[in-house]
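Student: Sequence:
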Amino acid sequence: MVGIALRFTAGRFHATPWGRHVNEGVVEWPPSPWRLLRALVAVWRRTLPDVDQASVEELLARLSSPPEFFLPQARTAHTRHYMPLGAPKSTALVFDTFVALSPHEPVVCVWPAVDLSPDQEELLRQLLDNLPYLGRAESWVRASLVDQVPPVNCRPVARDAPDPSVELVRVLAPAEPFSLAALIAETGSLRSLGYLSPPGSRWVTYALPEGALEGPRRSRRPRTRGAQHPEVTLVRFALDGPVLPRVVDTLRVGEVARQAAMSQYGRRHDGRVSSTFSGRAEDGTPLQGHRHAFYIPTDEDGDGRLDHLTIWAPGGLQPDELEALAAVEELARGRESLRLSVIWLGAGRPEDFPIPWLGWHRRWRSQTPFVLSRHVKLRGDTQGGTVPKQLVDGPEDQLRLELRRRGYPTPVSVRRLPALPLGSGAGPTRSSRAYRWYEFHRWRSRVPPAGGAYGFEMEFEEEVPGPLLLGYACHFGLGLFVPSE
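The sequence shown begins at 1425 in our numbering and counts up one residue at a time.
Distance ranges between label pairs, derived from CB positions:
no., residue 1, residue 2, range
1, 1786, 1635, 43 to 53 Å
2, 1697, 1667, 27 to 37 Å
3, 1714, 1635, 43 to 53 Å
Think of the hints as simulated: they come from the structure by calculation, not from any bench.
All values reported here derive from a predicted model rather than from experimental measurement.
Glycine included, C-beta positions come from ideal geometry on N, C-alpha and C.
Turn these sequences into a full structure, and let the hints guide you.
Tutor: This is the structure:
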């Protein structure tokens, strides 16, 4: 058995899980095996450079299997900081969310089936003695080998573990076979190359015991700084609730988000309506040009559940509209038993957020179905039934026309996709389950679609910008395209 005790001397563990933005307020708990092994690699290179690589690699390979944990009582907390952006009176709100725990109660990592040679044990002891912090630099730690460990209360489990008394969480761990080169890779380089998870890693699901991580699930949102940032076109929220809605309910959630935004605006302006939120002019006629708000629910960890909401208004959001969005605290629709908390993540422009589908790419694929706005037509002379009629205004034709109307170039290739596989969101989850496009809810409350639902992968000659939403109900999350790996 190998046991490592991690005593956080400042009573805090600061670490943001891979693939999550710091302002989402998500903490990594338990500490990921990937993070611990990377920290040991850094300590080796910085403090024990004379130790040969083969010895370190052999030791870390022994510790590459997912450990079990003893987790002391802990809770989440956060601080808020306004960071300067380099311009006068220009700041950005940053959340620093962390796990608060007693500095006298260690987290204990246990590998019950692993044995080390005396030389390996001594090397590990030296590495742990030299480890100054784990996570961000303010997470001061004293790490040590222990012979006696308390009863573990957090173990790896199958994703479908049925026990309702536990909370399932995913943390990053080394993949098999173990690769030291993967641990050494720079995180910034991997993100710049568009990796959704580090090569040589895998996600492991752990069961947190009930009450293992206490604290408020959401905090009061700061008032928006819209008056300081008149150029804001995009606002991001995280979604939270007992059960997150499935990705097939994208349109439903998008409609409820629109209702929530309009309701908050109306309360603050004597019942008046924002044309940006409603998509209609003062006389009630629909706005043209797609410059009003898109309500875009997304599954960004690939588990088939909607976990984020992006509201994007290409024409810009005014300060009073940002104030209304900042006041939205939940999305609720009684007859559909929908009730979600929304957590403000930030406001800005698409390029301000490191989200792949907000960036520039050559290849794009459907994340939600492209729903036709017109019926497909069959025309032409069959010559007495000897030749079939020609398909006119088909799915590919309507897709290209939509792109042209939005100012995008014609793609060099378009191919159909039969379904959306789970694990194709912004996260690394993988599953054999797939949603056929017709499984998505595809009609608004009062406006049914004219045609069917299709998925595509398309490639352009040059990179084009996101967000990219096309077709019927695109302002409610349908027709969303994301970068194709």
